[in-house]
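Asks: For the record, the sequence lines run as chains W and B.
For what it's worth, the working numbering labels the leading residue of the first sequence as 1, then goes sequentially.
For what it's worth, the working numbering labels the leading residue of the second sequence as 338, then goes sequentially.
Just to be clear, a hint being listed does not mean it is correct.
Claimed, not checked - Some chain W residues near chain B, calculated using beta-carbon distances under 7 Å:
1. 213
2. 245
3. 248
4. 270
5. 322
6. 325
7. 326
8. 329
What the hints assert, rightly or not - Restraint ranges, calculated between C-beta atoms of paired labels, are given here:
9. 309(W) x 514(B): 52 to 60 Å
10. 604(B) x 231(W): 36 to 44 Å
11. 573(B) x 136(W): 54 to 62 Å
What the hints contain is simulated information worked out from the structure, not anything from laboratory work.
Heads up, the beta-carbon is just placed ideally off N, CA and C, and yes, glycines get one too.
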Amino acid sequence: MTLTRSAEQQQFASSLHDLLAAADVPGAARRWADGDHSPGLALWRKLAGTGVTALAVPPGSGGLGASWLDVVIACEELGHHAVPGPVAESAAAVPELIAALADERLSARWLPGLAAGDLIATLALPPWLPYAADADAAGLVLLAEPGAVRLATAGTRHRSVDPARSLSQARGHEVLAQGPAVAAAVARAREAGTLACAAQLLGAGRALLEAGVSHARQRSQFGRPIGSFQAVKHQLADVAIGLEFARPLLGAAAIAVTEGERTAARDVSAAKVACTAAAQRAARAALQVHGAIGYTQEHDLHLWLTKVRALAGAWGSQAAHRARVMAAIADGSLAWS
Amino acid sequence: MSPDLAGFRAEVRDWLRAHVPAGPLPSVDTAEGFARHRAWERELAAARLSVVSWPPRYGGRGASLLEWLVFEEEYHAAAAPVRAGQNGLFLLAPTLMRHGTAEQCDRLLPPMARADEIWAQAWSEPEAGSDLASVRASAVRVNTGRTEGGWLLSGIKTWSSRAAFADKAFGLFRSGPGRHDGLTYLLFGLRADGVTVRPIRQLGGETGFAEIFLDGVFVPDADVVGAPGDGWRIAMGTAGDERGLSLRSPGRFSAAADRLVELWRRAGGPDADSLRDRVVDAWIGAQAYRLHTFATAARLAAGGTLGAEASLGKVFWSELDVTLHETALDLLGPRAELRGGEEGRWLDGYLFSLAGPIYAGTNEIQRTVIAERLLGLPR
Numbered sequence: 001m002t003l004t005r006s007a008e009q010q011q012f013a014s015s016l017h018d019l020l021a022a023a024d025v026p027g028a029a030r031r032w033a034d035g036d037h038s039p040g041l042a043l044w045r046k047l048a049g050t051g052v053t054a055l056a057v058p059p060g061s062g063g064l065g066a067s068w069l070d071v072v073i074a075c076e077e078l079g080h081h082a083v084p085g086p087v088a089e090s091a092a093a094v095p096e097l098i099a100a101l102a103d104e105r106l107s108a109r110w111l112p113g114l115a116a117g118d119l120i121a122t123l124a125l126p127p128w129l130p131y132a133a134d135a136d137a138a139g140l141v142l143l144a145e146p147g148a149v150r151l152a153t154a155g156t157r158h159r160s161v162d163p164a165r166s167l168s169q170a171r172g173h174e175v176l177a178q179g180p181a182v183a184a185a186v187a188r189a190r191e192a193g194t195l196a197c198a199a200q201l202l203g204a205g206r207a208l209l210e211a212g213v214s215h216a217r218q219r220s221q222f223g224r225p226i227g228s229f230q231a232v233k234h235q236l237a238d239v240a241i242g243l244e245f246a247r248p249l250l251g252a253a254a255i256a257v258t259e260g261e262r263t264a265a266r267d268v269s270a271a272k273v274a275c276t277a278a279a280q281r282a283a284r285a286a287l288q289v290h291g292a293i294g295y296t297q298e299h300d301l302h303l304w305l306t307k308v309r310a311l312a313g314a315w316g317s318q319a320a321h322r323a324r325v326m327a328a329i330a331d332g333s334l335a336w337s
Numbered sequence: 338m339s340p341d342l343a344g345f346r347a348e349v350r351d352w353l354r355a356h357v358p359a360g361p362l363p364s365v366d367t368a369e370g371f372a373r374h375r376a377w378e379r380e381l382a383a384a385r386l387s388v389v390s391w392p393p394r395y396g397g398r399g400a401s402l403l404e405w406l407v408f409e410e411e412y413h414a415a416a417a418p419v420r421a422g423q424n425g426l427f428l429l430a431p432t433l434m435r436h437g438t439a440e441q442c443d444r445l446l447p448p449m450a451r452a453d454e455i456w457a458q459a460w461s462e463p464e465a466g467s468d469l470a471s472v473r474a475s476a477v478r479v480n481t482g483r484t485e486g487g488w489l490l491s492g493i494k495t496w497s498s499r500a501a502f503a504d505k506a507f508g509l510f511r512s513g514p515g516r517h518d519g520l521t522y523l524l525f526g527l528r529a530d531g532v533t534v535r536p537i538r539q540l541g542g543e544t545g546f547a548e549i550f551l552d553g554v555f556v557p558d559a560d561v562v563g564a565p566g567d568g569w570r571i572a573m574g575t576a577g578d579e580r581g582l583s584l585r586s587p588g589r590f591s592a593a594a595d596r597l598v599e600l601w602r603r604a605g606g607p608d609a610d611s612l613r614d615r616v617v618d619a620w621i622g623a624q625a626y627r628l629h630t631f632a633t634a635a636r637l638a639a640g641g642t643l644g645a646e647a648s649l650g651k652v653f654w655s656e657l658d659v660t661l662h663e664t665a666l667d668l669l670g671p672r673a674e675l676r677g678g679e680e681g682r683w684l685d686g687y688l689f690s691l692a693g694p695i696y697a698g699t700n701e702i703q704r705t706v707i708a709e710r711l712l713g714l715p716r
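Based on the provided sequences and hints, a complete structural model is requested.
Replies: Written out as structure tokens, the structure is:
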């Protein structure tokens, strides 16, 4: 497996992009923010039609059993368009969790619906994910802890900085799985969700760079496009550099998780750190280049700006991921690979 | 990794383990150090390891780009000496292979591979730094009655790396009025008649580069690379293909990042705690550059090309290099300022890294290239 995308993967990414570009995603996100999930859920059904929701579901349960590179490609494109909803949870972490629990009863109960896109799922996975995202739009809420996975209901609902996102306490009820084997399944779900979240951030960062460049080409001051000023050029160039060098870390992490390499946790954390940093730099530059119009909810830019801030702390803080990288590299037993 | 690649890695690693000098050599930018580094280059060449990616007839092994990257990883991991011939090996040689004649390649490449001739570069001038196309040092066509025609070089070149001790130099000279099409790529001897070399002490105190005064220096036609007037296109090609990749191999940063983590681990205490995140970020940066370079190499091997994208890498590695070494010095704390010894390597590396954002096109030039050519922002 290589970092270079195959022709099929390129095709998959560009068809997702085309579908989302034609779908008025910002409009759906605004309705989602107002509490009307219907256009957003219609969007998810369209995405299901392309296989996005089936990628992480095993073939025996109605899914595609795709590689994590494919999941990352899909989630990057969903982040690129700021698709509302629990993307990393429903498209990656929950299917991985249920599949990893290896309980036929649970698989039959939830996986076919997830694969088909009929069911949207979310979860809390403390301490990395203390709240369940968008539980009010989800048909399945789980509470995943190292000792047990429980069915949950949404408790107190909190607003997020991202208007098209909410966070809820997950109140655990029926125990779906418990025992020593559960911890490994929860760990796999954690890697899957983190990887997907990093991909969303990379995609959102790319969209913010595109928005910044586009605005800098069109907006004129002092009689010339502001993109001709070196101070603007260099900020955007630095954004491009950050995104360019985060991408291979994300790809390498996806490969490491797919192949079960022992560097997987280190690589996932390195990818999350780099994608978050690159996306945050993109957000700052895009806002600065837009000026005051970027600081409004009238402009769609805010959908990306706030999503980046929300996802930056989700699925493990930067500090938690840096600690995990250091634990792996200071151990010394993991050679460069 | 393929079995062939793993076998090559093992051969390189074993050879380096048996041959790399214990402890650092004296600085390459001193007369004694330069001689010691030349001797080291000759040892490498005798093992056919000095230019692995070159064709065998010039002293190489015809190694692939991936094999070259593996060689570099092992070379830096072994803390082997800096390459005194760097400018010739990585800038001039690929240019000769692409634009030079067969006669030039046969005549110039084998002695370069054996370090019998070490090359310096002569691009910048006092009034032509970032604005390289404004060079004034001239090449005037002459027919002196000698058996061959040629050119007379006059003017001043500066910041010429290695010129204090090297044998020959390659540079850009003005042969006509056109800003870009009036430049010619020429080779000249640093001890030829009319050449005066004034060594310049660098930030670290050694004569890492020099000023070159040329006063009617004769260069035969045989030492023009490409066509007269084509110098700009040829020189800029240096960044335009895989050479953009070979300027700094990821091996340097991977090895430095590993040593940094080891330094952090041994340091312990509150200082180390407060520097943990910077160490991690430096390691992640080195890993990103490594993965990115291998992916680029795979793309090039599959027939892809590298253009302005090389500018992304140049800014990234040069900033990474500074960050890596700054972090190490901050870990060393009060010992960071000490010259020499094993720990002094960090200070040497730091001083070296500070030049990175300046040479090979300043990072400001690179960011402008990225903005205009990759992002499509207006000039």
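Asks: Under the criterion of a CB-CB separation shorter than 7 Å, is residue 322(W) in contact with chain B as hinted?
Replies: Holds, about 4 Å.
Asks: Residue 325(W) was flagged as interface toward chain B. Is the shortest Cβ-Cβ separation under 7 Å?
Replies: 5 Å, holds
Asks: Just to be careful: measuring from the Cβ of residue 245(W) to every Cβ in chain B, is the smallest value less than 7 Å?
Replies: 4 Å, holds
Asks: Does the Cβ distance between residue 604(B) and residue 231(W) fall inside 36 to 44 Å?
Replies: About 39 Å separates the Cβ atoms of residue 604(B) and residue 231(W), which means 36 to 44 Å holds.
Asks: Given residue 329(W) as an interface hint, is the shortest Cβ-Cβ distance to chain B below 7 Å?
Replies: 5 Å, holds
Asks: Does 52 to 60 Å hold as the CB distance between residue 309(W) and residue 514(B), or does it fail?
Replies: At 55 Å between Cβs, range holds.
Asks: Does residue 270(W) hold up as a contact with chain B if the rule is Cβ-Cβ below 7 Å?
Replies: 5 Å, holds
Asks: Return holds or violated for the Cβ distance of residue 573(B) and residue 136(W) against the range 54 to 62 Å.
Replies: 58 Å, holds
Asks: Would you settle whether the hint for residue 326(W) is holds or violated, based on the nearest Cβ-Cβ distance to chain B being less than 7 Å?
Replies: 5 Å, holds
Asks: Given a cut of 7 Å on the nearest C-beta pair, is the interface hint for residue 248(W) held or broken against chain B?
Replies: 4 Å, holds
Asks: Does the CB of residue 213(W) sit less than 7 Å away from some CB of chain B?
Replies: 5 Å, holds
Checked against the numbered hints given earlier, the structure satisfies every one of them.
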